[in-house]
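Trainee: Sequence:
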Amino acid sequence: MDRRPWTPTRWARNGDVRLACDTWAGADGGEPLLLVMGMGVSRRWWPDGLCRILAEHGFSVARYDHRDAGESTHLPPARTRLPATALLGRRGEAYTAEDMADDAVAVLDELGWEAAHLLGVSLGGAVAQRVAIRHPGRVRTLTSMSAVPADAAGLGVLRYIRVPAVARLSRMHYPDTEEGTVRAGLAIARFCASPARPFDEREERAKAERLADSGTRDTRAQSRQIGAQWHGPAISTITAPTLVLHGRDDPLIRPNAAAAIASRVPGARLVALPGVGHDIPAPVWRTVAAEVRALADGSPDRPHRG
1 MDRRPWTPTR WARNGDVRLA CDTWAGADGG EPLLLVMGMG VSRRWWPDGL
51 CRILAEHGFS VARYDHRDAG ESTHLPPART RLPATALLGR RGEAYTAEDM
101 ADDAVAVLDE LGWEAAHLLG VSLGGAVAQR VAIRHPGRVR TLTSMSAVPA
151 DAAGLGVLRY IRVPAVARLS RMHYPDTEEG TVRAGLAIAR FCASPARPFD
201 EREERAKAER LADSGTRDTR AQSRQIGAQW HGPAISTITA PTLVLHGRDD
251 PLIRPNAAAA IASRVPGARL VALPGVGHDI PAPVWRTVAA EVRALADGSP
301 DRPHRG
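Numbering-wise (UniProt numbering), the sequence shown opens with residue 1 and increments by one.
Don't read these hints as lab results, they were simulated from the structure. It should be emphasised that the depicted structure is a prediction, and the values quoted were computed from it without experimental measurement. Careful, some of the hints might be misleading.
[Said to hold, decoys possible] Label pairs and their in silico Cβ distance ranges:
1. 154 / 202: 11 to 21 Å
2. 178 / 49: 19 to 29 Å
3. 56 / 155: 41 to 51 Å
4. 79 / 290: 29 to 39 Å
5. 85 / 179: 39 to 49 Å
6. 7 / 234: 18 to 28 Å
7. 137 / 297: 13 to 23 Å
8. 209 / 234: 17 to 27 Å
Using N, Cα and C, we set each Cβ at its ideal position, and we do this for glycine too.
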């Protein structure tokens with residue numbers, strides 16, 4: 001039985017797309033904070049321990065599944081099957097990055113939140129940046145972690161990613177079985193972890209078994225997400241107070257991605273996290289929560305509207 005302290009699933013809607021979301025129970029009086037997950041996987045990959053600490057820091061925490069992930073609507077197959085190919089493509093085949101940004105706002109609407117702090121990781125960091133561009137009145141603060149600049153596209157993305165790592169990910173194939181799903185989740189966790197920290201094989205396998213998330217091996221859904229193209233303004237138009245977090249040992253996204261975001265978003269602050277890969281390990285949960293809290297405390301009491 002699932003004993004995690006999350007409220008029952010709620011459903012937001014953006015057109016024909018239904019989006020699964022829930023909130024950390026017992027923290028309704030805090031400041032709204034929406035967590036935006038990375039490519040392919042469900043909202044349940046957010047560590048409960050981090051969410052508990054964020055609630056302790058005065059946030060009402062919500063999370064949701066992107067379209068093509070978790071319990072949310074999965075779109076019909078597109079021609080592109082590999083995320084690497086979709087990433088470097090010039091046009092998306094299924095939907096736009098604007099659609100994904102609007103999904104986040106649909107979740108805010110469902111929760112009754114006029115505006116919220118956003119914390120996005122990996123692809124979720126890019127989505128959060130795009131929400132701040134497209135819907136500035138809905139974003140109190142923006143924290144982008146382990147992400148590329150949201151306006152980077154096509155071959156321009158190559159300057160920010162470690163190409164050998166992408167090739168390594170592309171070679172990962174697992175069968176459409178329960179064990180294949182577990183093996184895929186374990187492999188992704190191992191790939192994302194920093195070599196500076198011991199990798200707990202038993203704990204990570206137990207987590208992969210508990211989550212049973214087929215999104216870790218669904219390359220078609222991943223391709224539709226990563227292939228969604230952005231047609232809006234540059235990140236230099238972001239007006240929300242912005243924090244950029246990046247692991248020093250990130251195996252996928254180069255540090256210059258974080259530096260580019262921090263240099264181009266007015267007033268943004270960059271914090272490098274030692275011993276962190278393309279993940280959020282337990283030793284930095286309190287650091288991340290404290291940084292997000294400090295950003296929120298430095299912002300106006302009302303939504304930042306630029």
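Trainee: Just to be sure I understand the hint, the distance between the Cβ atoms of residue 7 and residue 234 should be within 18 to 28 Å; is that true here?
Mentor: violated (37 Å)
Trainee: Range first: 41 to 51 Å. Now tell me if the beta carbons of residue 56 and residue 155 are that far apart.
Mentor: holds (43 Å)
Trainee: Does the beta carbon distance between residue 137 and residue 297 stay inside 13 to 23 Å, or does it fall outside?
Mentor: Holds: the Cβ-Cβ distance is about 20 Å, inside 13 to 23 Å.
Trainee: Taking the CB of residue 178 and the CB of residue 49, does the distance hold inside 19 to 29 Å?
Mentor: Between residue 178 and residue 49, where Cβ atoms are some 26 Å apart, the hint holds.
Trainee: Look at the Cβ atoms of residue 154 and residue 202 and judge whether their distance stays inside 11 to 21 Å.
Mentor: violated (41 Å)
Trainee: Falls inside 39 to 49 Å, the C-beta gap from residue 85 to residue 179?
Mentor: violated (27 Å)
Trainee: With respect to the beta-carbon atoms only, verify the hint that residue 79 and residue 290 lie 29 to 39 Å apart.
Mentor: Violated: the Cβ-Cβ distance is about 45 Å, outside 29 to 39 Å.
Trainee: Cβ-Cβ distance between residue 209 and residue 234: within 17 to 27 Å?
Mentor: At roughly 43 Å between Cβ atoms, residue 234 and residue 209 fall outside 17 to 27 Å, so the hint is violated.
Comparing the model with each earlier hint shows violations of hints 1, 4, 5, 6, 8; every other hint is respected.
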